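2 protein chains.
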Amino acid sequence: MIKLNYENAFVSEEKLLESAHLVKAAAAILHAKKGAGKEYTGWLDLPENYDKDEFLRIKEAAKKIKGHSDALVVIGIGGSYLGAKALFSALKHNFYNEIEKPKIYFAGQNLSPTYLKDLIEVLKDKDFSVNVISKSGTTTESAIAFRIFKSLLEEKYGKEGAKERIFATTDKSKGALKSLADTEGYETFVVPDNVGGRYSVLTAVGLLPLAVCDIDIDKLMEGAYDAAIKYANPNILENPCYQYAIIRNILYRRGKDIEILANYTPKLKYFTEWWKQLFGESEGKDGKGIFPAGVNFTTDLHSMGQMIQDGRRNIFETVLNIEKTNKDIEIESIDEDIDGLNYLANKTLHEINQKAMEGTIMAHVEGGVPNILLSIEELDEYNMGQLVYFFEKACGISGYLLGVNPFNQPGVEKYKSNMFTLLGKPGY
Amino acid sequence: MIKLNYENAFVSEEKLLESAHLVKAAAAILHAKKGAGKEYTGWLDLPENYDKDEFLRIKEAAKKIKGHSDALVVIGIGGSYLGAKALFSALKHNFYNEIEKPKIYFAGQNLSPTYLKDLIEVLKDKDFSVNVISKSGTTTESAIAFRIFKSLLEEKYGKEGAKERIFATTDKSKGALKSLADTEGYETFVVPDNVGGRYSVLTAVGLLPLAVCDIDIDKLMEGAYDAAIKYANPNILENPCYQYAIIRNILYRRGKDIEILANYTPKLKYFTEWWKQLFGESEGKDGKGIFPAGVNFTTDLHSMGQMIQDGRRNIFETVLNIEKTNKDIEIESIDEDIDGLNYLANKTLHEINQKAMEGTIMAHVEGGVPNILLSIEELDEYNMGQLVYFFEKACGISGYLLGVNPFNQPGVEKYKSNMFTLLGKPGY
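Order-wise, the sequence lines are chains E and X. With positions in the first sequence counted from 1, the corresponding number in the working numbering is that position plus 4. With positions in the second sequence counted from 1, the corresponding number in the working numbering is that position plus 4.
Next comes chain E alone, as it looks inside the complex (with noise of 0.2 angstroms):
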């Protein structure tokens, strides 16, 4: 269950009420799926409609890629990489890596020679698959990266072994990656053609990478699920999503045009950076937009921590709250107290932390930045399914009541066709 808290938003229950009517409005026709980018908004229902046999497949390749690998490459940019890398950060070991296996590896997110190079470098003397994804197949990145590691697996197991080892999530019917796929005869998932980007973390997108890290998919799917009914309700005052939707549009039009979304474990900084595409890429458009920045506390008060105290009120915060860790260290006493530490002796660090985010909040607030809190009980599967659709209902409410399309990214068009220009690509 997520618990809002807006009491430090500086938006009272009545100025919440005075725009209740714009959000029942923005679910209306987000429900009825008659707004713009109507047709991407397979998301609201996947928790219920969900492909019921292709999520036992995902269960059975994660089970034969752990069968047979030390590690999985996961080949993806944008909404096929930030979900899987976010999801996996938040509920596995902060060292996964190094003690787990098979070891999880991104590729494709980048055109870094150096990072490629240095990644096949470490896969030298390892066993690996590749879970390559993208709609289309043609995305820059993605695609050469793909090109490099299937040839990697050819040169090593032979055609047919490496036919063993590539899972290719696309499109069910059509383009590069799905033609190959069939040709070559990988194992295919699907990228549904009604769910974006970067709403397609519980698709097989998500999904098959988080499963083969042994994350409980099904607890996912029910976070979610349940998140699907809660946050249908269509009384304001007992929908925290319409809620965090409706006080972030009131704080923009009273000028503040960046949201800080604020966790207190490193565990949450890709969970954070699947935030920002979300909501950036939904919003940022028609000259339109709250810019979404991430802090990573308690780190980050020592960096970013003066400028939300202090500097240009243009701000506000959402705080991400945990409220339970299963792991957890009691300060102890020492004989000498030198560093002054021994007031803290028999509290945890868990307490600690709770504590500086609750100072922080009340230094941030009486500096002028409006908080909202949002809370959940503890960083597992179920609440994080409950979290990610949270926040993509959130989302698509809070494009309507700007008044964009929270669905399209025309804007990501222009860079590349100039980079392809630049680089003579036939039609360009």
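These are calculated hints, taken from the structure and not from any lab test. Remember, predicted model here, so these are calculated numbers, not experimental data. All C-beta atoms in this analysis are idealised placements derived from N, C-alpha and C, irrespective of residue type, glycine included. Check the hints yourself; a few may be wrong.
[To be verified] Stretches of chain X that chain E covers, calculated by requiring three or more beta carbons in the stretch to come under 8 angstroms of a beta carbon on chain E:
id: 1; stretch: 82–92
id: 2; stretch: 133–147
id: 3; stretch: 266–273
id: 4; stretch: 289–297
id: 5; stretch: 313–324
id: 6; stretch: 333–345
For this one, chain E is given, so just place chain X on it according to the hints.
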């Protein structure tokens, strides 16, 4: 040699020259050490005046650590963390800890019990040393981590053995950590009084961990030394450092209050975090300051790209371009051009990455985002030493242009005092 290209910054040479007197005045006050925060401008002469005896001791200590340790745990937060992390990430293998030794881990940079427990688990069977970095020794995060790792070392090696594995970088004469180090007999290194945390990477704070992973700290200092001479040139037309400071100030005065630092290699991810601390903590005060944000391209073109292209026009972009690479990959032609990449055959990945950069700059500029292009020749110690000094000096000048003290951080105390009250610290 750092090259600055401002032809796409929407700032003419004429406009630049109009403001030249402001930069000259700011530079004069900085060099004369007469401005706000003058007691923290020791970084200005550091590349010439650094302690040469300590520099040799740093190298000796690094040798000792490499001799007896599989891993080094660097304990610090803020400026005692980001500088080393930034240059370590920029200059070493992308998967350093998986293939090199001693492995480098960071601790005390957050309050997450899960992070600490996970790190302790990873270190279980490894011989390790600790470099604890704290001016006072009482910073909550790093003091807690040090209590824990000190006790782990003493359990593992006894008090005498631990002594050979603990290296303290702290105040030259006073404070909790200095006292403890003297009592216990740890080797110590100095955080100079006249260099603030975010300006400290070229002191023992950054240099010891960097030397442990075989980064050439002589070359680093040499780069900074050359930069100190080059960027003292009062002729603004010949001084890219001053140009950077004045252009960002002009853009800020035009309402561009978010600066995005963009790179095209994952190796600069943490250098960007270092830069965010440097500028954010220096400028974000008195209700003023440019909000510093970072993007790692091409990765984030698929997340933040839409917002940059088409969102609110309150942003400008500074691109860090690395002209050459020493690791590259050539794209090969394949028989059936199923992924449509054959037009790239015989091009290298670095060339493609460069074209992505050029195409993106064109697109964003066309979209109304002013662009500053900063180029260095390659990603090595000498160039990074230059770049560190370049940004440090530009930041000092920027702060004076903005009318703030760029060397203090009063806002950071507020959350701490709230936190101490909540935790029941004596005196709060």
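Hints violated by the structure (listed by number, smallest first)
Nothing - there is no hint that the structure violates, so all of them hold.
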